[in-house]
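Heads up: the protein sequence lines correspond to chains A and B, in order. Residues in the first sequence are numbered from 14 upward in steps of one, following my numbering. Residues in the second sequence are numbered from 14 upward in steps of one, following my numbering.
Note that these hints are calculated values from the structure, not bench results. Errors might be hidden in some of the hints.
Unchecked claim - Computed cross-link-like contacts, SDA-like style, restricted to lysine to any residue with a CA-CA straight-line distance of at most 25 Å: (1) A/116 with A/78; (2) A/116 with B/45; (3) A/116 with B/69; (4) B/15 with A/120; (5) B/69 with A/134; (6) A/51 with B/121; (7) B/69 with B/105; (8) B/15 with A/78; (9) A/104 with A/131; (10) B/34 with B/121; (11) A/49 with B/120; (12) B/34 with A/116; (13) A/69 with B/120; (14) A/104 with B/131.
Number of protein chains: 2
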Amino acid sequence: MKINKVVETCIYSSDLDSMKKFYVEILDLPLVQEEKNKLVFLRAGKSMLLIFNPAKTSIDNYRLPTHGAQTPPASIHFAMEIEEHDYLRWKELLAKNRIAIEKEVDWNGSGSGGGSRSLYFRDPAGNLVELITPGEWPVES
Amino acid sequence: MKINKVVETCIYSSDLDSMKKFYVEILDLPLVQEEKNKLVFLRAGKSMLLIFNPAKTSIDNYRLPTHGAQTPPASIHFAMEIEEHDYLRWKELLAKNRIAIEKEVDWNGSGSGGGSRSLYFRDPAGNLVELITPGEWPVES
């Protein structure tokens, strides 16, 4: 009896159009499903990234349990795994789209595999997005 | 140039001891790293589940970019994939530990693969946790 993985990760925004533009047009995540002003579901490789409008998910008349965080002031964090050989190309893509890199971290062997690197930046809602190369965590790619 | 997966998913709580007890002792996620009152990092199969105390991550003097959501009132949602043949055993485990199932959903073919099922319940911080069998999303297990 085991957990395979976290298959859905959810973030929140009241402005789904700008989030869709950011994640689909810039970061190139395939759109799986959307409902105007309510949700945008994206595929992020082997995972799903779900973006909800918290005004629609934090109320009791929704058919699923309530959830959500107001961003801002909240700022959810998650990290997507990229390949080491693509690291500089991701930096170029962010620069080309005028997305500021808030922090760049060379983990320098602090993790299990060592030598992984991270780029941190914000999505339009202020959520903290990280792109990280493999090696920091004790999980398979 | 591709995204492999969401490798880190973060949730938040001001009471890390009760979260650790819940996720490690009951849901059996292996503990990878912890810092008292600041963070608990867990392995969730091929993913990492990171639990932060937002009081420590939403301030500027932390060495990483600021992030975090106060739970409550926020309630972050994420879903972990389980095997179909373990579904009833997970229900039994929740019942044995007196964790209320807030909702049970049979997706009934609404997703790409069809026939997947979900259990929804709350962690001690009020975050909405889902256990879902494969088939709903267009991602490999």
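Tested hints:
Proposed proximity of residue 116 of chain A and residue 78 of chain A is contradicted: the alpha carbons are some 35 Å apart, above 25 Å. The hinted pair formed by residue 116 of chain A and residue 45 of chain B meets the criterion: a straight-line CA distance of about 24 Å does not exceed 25 Å. As the CA atoms of residue 116 of chain A and residue 69 of chain B are separated by approximately 18 Å, the hinted pair is consistent with the 25 Å bound. For the proposed pair residue 15 of chain B and residue 120 of chain A, the alpha carbon gap of about 21 Å is at most 25 Å, so the pair holds.
Among the hinted pairs, residue 69 of chain B with residue 134 of chain A is consistent with the structure: their alpha-carbon atoms are about 19 Å apart, no more than 25 Å. The hinted pair formed by residue 51 of chain A and residue 121 of chain B meets the criterion: a straight-line CA distance of about 22 Å does not exceed 25 Å. At most 25 Å may separate the alpha-carbon atoms for a hinted pair to count; residue 69 of chain B and residue 105 of chain B exceed this at roughly 36 Å. At most 25 Å may separate the alpha-carbon atoms for a hinted pair to count; residue 15 of chain B and residue 78 of chain A exceed this at roughly 33 Å.
Our distance criterion of 25 Å between C-alpha atoms is met by residue 104 of chain A and residue 131 of chain A, whose separation comes to about 10 Å. At most 25 Å may separate the alpha-carbon atoms for a hinted pair to count; residue 34 of chain B and residue 121 of chain B exceed this at roughly 33 Å. Restraint check: the Cα-Cα separation between residue 49 of chain A and residue 120 of chain B comes to about 21 Å, which is no more than 25 Å; the hinted pair holds. Between the alpha carbons of residue 34 of chain B and residue 116 of chain A the distance comes to roughly 32 Å, so the proposed pair goes past 25 Å and is violated.
In summary, the hint linking residue 69 of chain A to residue 120 of chain B is supported, as the alpha carbons are separated by about 20 Å, within the 25 Å threshold. As the CA atoms of residue 104 of chain A and residue 131 of chain B are separated by approximately 38 Å, the hinted pair breaks the 25 Å bound.
Comparing the model with each earlier hint shows violations of hints 1, 7, 8, 10, 12 and 14; every other hint is respected.
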